[in-house]
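Peer 1: Protein chains in written order, with my numbering: chain P, 1 to 75; chain E, 1 to 240.
Since the hints were made in silico from the structure, they are not lab data. Remember, predicted model here, so these are calculated numbers, not experimental data. Accuracy of the hints is not assured; some may be wrong.
To spell it out: a stretch of chain E is covered by chain P in this simulated footprint if at least three of its residues, at any positions, have a beta carbon under 8 angstroms from a beta carbon of chain P; those stretches are [said to hold, decoys possible]: (1) 98 to 108; (2) 133 to 147; (3) 184 to 197.
Listed below are the simulated DMTMM-like cross-link pairs for lysine to aspartate or glutamate, each with C-alpha atoms no more than 25 angstroms apart in a straight line [unchecked claim]: (4) E:K145 <-> P:E67; (5) E:K145 <-> E:D60; (6) E:K145 <-> E:D74; (7) E:K145 <-> E:E161; (8) E:K145 <-> P:E38.
Derived, one-sided and incomplete: chain E residues facing chain P with beta-carbon distance under 8 angstroms [said to hold, decoys possible]: (9) A16; (10) L17; (11) P178.
Heads up, the beta-carbon is just placed ideally off N, CA and C, and yes, glycines get one too.
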Amino acid sequence: MSATSHGAACGVVLGIVIVIFLQQVAYLDLSDLVPALEYLILGIIVGGVIGAGIGFVLGRSYLARHELKQTPASK
Amino acid sequence: MRFFRRPAGRAGLVGALLAMAVVTLLVSVPVPSRASPISQPSTARPEAGTTWTVTWNNVDVTTASAASSALGIDFTSSANVLFNWSTGTSATETVGSAQLQMFYFGFAVTTRTQTVNNPVASSSGSIPLSWTPLSIAYVLEGVYKITASFLAPNQTTLFSENFYVRANALLGFVAAIPIVLLLIAIYEVYALVRSGRYAALGRKLAGSPPSSPPPSSPPGDSTPPTEAPEAETPPPGGSS
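Use the sequences and the hints to build the structure in full.
Peer 2: Structural data, given as structure tokens:
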């Protein structure tokens with residue numbers, strides 16, 4: 001659960017950063033406020049969802065690997 | 001104790017970012033509608049049939065009216081902008097100044113104005129303007145909208161033209177914002193890859209706290225916990 005939220009937070013920041021970076025390399029036009037905010041909110045949502053998914057998968061993977069390590073010690 | 005508070009703080013940060021984005025959207029949306037008269041003919045009434053032309057280094061800016069056809073410029077070299085007007089008849093026009101404004105997120109990040117001393121009414125005229133945006137050359141690059149405006153002596157807009165420029169940084173990439181953004185992106189990707197470790201914290205919170213020994217063991221204790229060092233080592237913070 002916390003891995004999911006951490007991944008979502010990273011994804012949100014990445015979404016914002018990528019949108020601004022795309023403007024800096026001339027792929028996006030952020031001159032006007034309203035489309036710029038729409039791009040940013042889209043980046044936040046998409047980045048948050050993808051980041052949450054990645055965090056969830058990585059968290060499950062980490063727990064699975066960690067339980068495999070712990071099993072011989074408990075026996 | 002510190003690592004228990006960290007996920008909650010990160011969730012709070014996400015909430016704060018979302019709340020800030022929504023508040024900014026709600027508060028600032030009317031701003032362009034207030035600023036848009038810059039790009040529209042306003043209360044001043046120019047003579048009908050007057051021809052207004054703006055050239056950027058001898059290139060008519062109407063050829064760059066879309067972001068896809070933006071003029072390629074270098075922020076570190078000066079641009080010679082020429083504002084011309086002609087009524088075509090005996091009618092006269094009084095132009096007090098010419099202005100360039102570059103917009104980013106709807107706000108003018110830089111403004112350059114060339115004022116005419118003692119403007120007189122005439123049927124044609126031109127105002128040269130030399131612009132070297134060196135102050136932002138090391139900060140920004142990318143595509144920007146520029147508004148070129150003819151202003152009357154009372155600062156009302158007689159005519160304005162929007163066009164786009166694609167600014168290149170020094171050596172193609174040496175600008176502060178893209179470098180900082182790249183560093184942030186690399187750090188966030190690293191934090192995202194390491195985010196799986198936070199699952200152990202969530203499991204500890206939802207698991208059995210009485211069975212886990214308190215972390216206040218003396219330093220000379222000879223029985224180290226099996227998973228505590230890996231689980232208690234907080235992964236690098238992502239967005240703080």
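Peer 1: Please go over all the hints and tell whether each is borne out by the structure.
Peer 2: Okay, the hints, checked on the actual structure:
1. Counting residues of the segment 98 to 108 of chain E whose CB lies closer than 8 angstroms to any CB of chain P gives 5, which reaches the minimum of 3, so the coverage claim holds.
2. With 6 residues having a beta carbon nearer than 8 angstroms to a beta carbon of chain P, the segment 133 to 147 of chain E meets the requirement of three or more and the stated coverage holds.
3. Remark: the segment 184 to 197 of chain E is confirmed as covered by chain P, as 10 of its residues place a Cβ nearer than 8 angstroms to a Cβ of that chain, reaching the required three.
4. Distance restraint check for K145 of chain E and E67 of chain P: the Cα-Cα separation of roughly 56 angstroms exceeds the 25 angstroms cut-off, and the hinted pair is therefore not satisfied.
5. Of the supplied pair hints, the one linking K145 of chain E and D60 of chain E holds, its CA atoms being roughly 15 angstroms apart against a limit of 25 angstroms.
6. Restraint check for K145 of chain E and D74 of chain E: the C-alpha separation of about 15 angstroms stays at or below 25 angstroms, so the hint holds.
7. Note on K145 of chain E and E161 of chain E: the hinted pairing holds, with a Cα-Cα distance of about 10 angstroms set against a maximum of 25 angstroms.
8. With a C-alpha separation of about 17 angstroms, the suggested pair K145 of chain E and E38 of chain P falls inside the 25 angstroms cut-off, and the hint holds.
9. For A16 of chain E, the suggested interface contact is broken, since its CB lies about 11 angstroms from the closest CB of chain P, more than 8 angstroms.
10. Evaluation of the L17 of chain E hint against chain P yields a held restraint, the C-beta minimum of about 6 angstroms falling below 8 angstroms.
11. For P178 of chain E, the shortest C-beta to C-beta distance to chain P is roughly 4 angstroms, which falls under 8 angstroms, so the interface hint holds.
This entry does not satisfy hints 4, 9, going by the numbered hints stated previously.
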